[in-house]
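Student: Residue strings, one per chain:
There are 2 protein chains.
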Amino acid sequence: MSQMNPLCMHEDPASVATGAAARRLFRDPASPAFLQTTGMAPGFMQASPIILPAELALDFATFCQRNPKPCPLVGTGNRGEPTIPTLGHDLDLRTDLGGYRIWRHGELVDEVTDISDLWRDDFVAFAVGCSYSFEAALMADGIELRHITQDVCVPMYMTDIPLHPAGPFRGHMCVTMRPFAPADAIRAIEITSRFPLTHGTPVHIGDPAQIGIDDLATPLVGDPVEVRNAEICVFWGCGITPQYAMLQARPEIAITHKPGCLLVTDVPSRADALALPGLAA
Amino acid sequence: MSQMNPLCMHEDPASVATGAAARRLFRDPASPAFLQTTGMAPGFMQASPIILPAELALDFATFCQRNPKPCPLVGTGNRGEPTIPTLGHDLDLRTDLGGYRIWRHGELVDEVTDISDLWRDDFVAFAVGCSYSFEAALMADGIELRHITQDVCVPMYMTDIPLHPAGPFRGHMCVTMRPFAPADAIRAIEITSRFPLTHGTPVHIGDPAQIGIDDLATPLVGDPVEVRNAEICVFWGCGITPQYAMLQARPEIAITHKPGCLLVTDVPSRADALALPGLAA
Numbered sequence: 000m001s002q003m004n005p006l007c008m009h010e011d012p013a014s015v016a017t018g019a020a021a022r023r024l025f026r027d028p029a030s031p032a033f034l035q036t037t038g039m040a041p042g043f044m045q046a047s048p049i050i051l052p053a054e055l056a057l058d059f060a061t062f063c064q065r066n067p068k069p070c071p072l073v074g075t076g077n078r079g080e081p082t083i084p085t086l087g088h089d090l091d092l093r094t095d096l097g098g099y100r101i102w103r104h105g106e107l108v109d110e111v112t113d114i115s116d117l118w119r120d121d122f123v124a125f126a127v128g129c130s131y132s133f134e135a136a137l138m139a140d141g142i143e144l145r146h147i148t149q150d151v152c153v154p155m156y157m158t159d160i161p162l163h164p165a166g167p168f169r170g171h172m173c174v175t176m177r178p179f180a181p182a183d184a185i186r187a188i189e190i191t192s193r194f195p196l197t198h199g200t201p202v203h204i205g206d207p208a209q210i211g212i213d214d215l216a217t218p219l220v221g222d223p224v225e226v227r228n229a230e231i232c233v234f235w236g237c238g239i240t241p242q243y244a245m246l247q248a249r250p251e252i253a254i255t256h257k258p259g260c261l262l263v264t265d266v267p268s269r270a271d272a273l274a275l276p277g278l279a280a
Numbered sequence: 000m001s002q003m004n005p006l007c008m009h010e011d012p013a014s015v016a017t018g019a020a021a022r023r024l025f026r027d028p029a030s031p032a033f034l035q036t037t038g039m040a041p042g043f044m045q046a047s048p049i050i051l052p053a054e055l056a057l058d059f060a061t062f063c064q065r066n067p068k069p070c071p072l073v074g075t076g077n078r079g080e081p082t083i084p085t086l087g088h089d090l091d092l093r094t095d096l097g098g099y100r101i102w103r104h105g106e107l108v109d110e111v112t113d114i115s116d117l118w119r120d121d122f123v124a125f126a127v128g129c130s131y132s133f134e135a136a137l138m139a140d141g142i143e144l145r146h147i148t149q150d151v152c153v154p155m156y157m158t159d160i161p162l163h164p165a166g167p168f169r170g171h172m173c174v175t176m177r178p179f180a181p182a183d184a185i186r187a188i189e190i191t192s193r194f195p196l197t198h199g200t201p202v203h204i205g206d207p208a209q210i211g212i213d214d215l216a217t218p219l220v221g222d223p224v225e226v227r228n229a230e231i232c233v234f235w236g237c238g239i240t241p242q243y244a245m246l247q248a249r250p251e252i253a254i255t256h257k258p259g260c261l262l263v264t265d266v267p268s269r270a271d272a273l274a275l276p277g278l279a280a
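Those sequence lines, one after another, are chains A and B.
Residue 222 in numbering that gives the first Met the number 0 is what sits at position 223 of the first sequence, and the numbering runs on without skipping anything.
Residue 25 in numbering that gives the first Met the number 0 is what sits at position 26 of the second sequence, and the numbering runs on without skipping anything.
This is chain A alone, in the form it adopts within the complex (with noise of 0.2 Å):
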């Protein structure tokens, strides 16, 4: 996500082993703001948190359930509690990701690394399904992410595929682009086909323009990455999209990730995703 953090990788994210070793480095106020999670907690979901006031809850929740492909909802906290129940134990939303991005009125006004004194009792926080989940199994499966082998990050597009509106939330899906040789590119489609809950199958494959995608070499956020001769790209909605959404709305105050600083949670993500809720023994 190069337009809006430079820091897409860190050193060594393996050697954090697990969701819950993940959370508690990052709670630590002695560890360097803004890391990373890519490839942080090998087999454990990641998912992209937002906080809302609580009046716009039952709309958020909507606009994600009537926009599953890019909006898979994974989790969803109780009001005025910062954890999120399904997806970790111990987890505390207020410290336990790398950075913050505090939005009033829709617009940046603060990256931060804890949130405990913006809390409120009239929060509610979701978390929506992350790519991460299945470019883990794509590669399990010997195919090549290409922004992995040029060590970008993966470009995210703005499409002009309308979604559904719920309350002030509307807008247009945001995709995320990986080229293929057309037989990796079936075979990607049909292993991500197990992942209905983050991001499922692609939306679209071949010529960006029919989806509104005028340059690729331009991304929303993310890196440009090389298409090859004969190879085929591949779309699928993206989890930003309920960020872009959220902006519209304009909410009095929302908070999310810093882009790169997922929330690194404790449900084993080589599952399928529907395995959820399950926690990790």
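Take the hints with a grain of salt, since some may be wrong.
With beta-carbon atoms standing in for the labels, derived distance ranges [claimed, not checked]:
1) B/Q209 - A/A180: 43 to 49 Å
2) B/G211 - A/L117: 42 to 48 Å
3) B/P181 - A/G141: 45 to 51 Å
4) A/D11 - B/G38: 45 to 51 Å
5) B/G211 - A/G42: 50 to 56 Å
6) B/R26 - A/E106: 42 to 48 Å
7) A/D140 - B/D213: 39 to 45 Å
8) B/P167 - A/H88: 21 to 27 Å
9) A/L117 - B/P223: 55 to 61 Å
10) B/R186 - A/A182: 23 to 29 Å
From the derived model, a few chain A residues whose C-beta atoms are all more than 12 Å from chain B [unchecked claim]:
11) F33
12) L72
13) P81
14) L219
Looking from chain A toward chain B, a few residues come up when the C-beta cut is under 7 Å (computed) [to be verified]:
15) T37
16) L57
17) A60
18) R65
19) T75
20) G79
21) T82
22) H88
23) P167
24) H171
Please keep in mind that the hints were generated in silico from the structure rather than gathered at the bench.
Where is the CB? At the ideal position from N, CA and C, for every residue including glycine.
Start from chain A and add chain B according to the hints.
Tutor: Using the frame of chain A, we list chain B on its own:
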């Protein structure tokens, strides 16, 4: 659902060809009361509606999100609006069901065919996925469904599998049971894996006692079916689960469908349920 309603079938349901036609039929005051939707509008998704006051809506949506196998949310209405925009055109939840059950404080108080006089501007409507969608896919594959062969309603059981609570909604999972020869059981698991929003893969196979079912002969709802030698019992999460959770929550008022009188939608059921939201043209 013989214990609750002896009329499980009705004449020539497939002559009602579409979701829209089914809803027009139920909307007509001259139609017979409590017509069942089994076999009606083949190829269109049916769903279980549940209508609650807004003060409980976020808790109910959260409950469904946390328990996706028995409670797959396939539609959510806007506050006060008696429709679900992603499930049908010209869909009026006040009139378009064959029968409704009215619950007050968790007690069944009435069964009616029209709720226009009960509708309130703080009601929120939900629709939960139904196994009819995957049953059609199983039959299309040539798999025998015993309750269809025996011309009875699928047996449903209460288990000891605990649900993740949300607000006042809590309880244990209800399941349906279908017996198969081993090869068909395997194929049924394979096929239903493609229907994550209509219960997906089974939650259990084999010994009923392992999930707290003492006696297959006495289902909670529906009719017992024959289990032949060398057959394996296959158990799926059941859409009556949220209704039982609702009974425990004892809301001031709740409205559900009368068993067998489901909401017939315009969404193709032959598609992977994740085709949602996508109405037939």
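Student: Hint by hint, work out which the structure violates, then give me just those numbers in ascending order.
Tutor: 3, 4, 5, 12, 15, 20, 21, 22, 23, 24
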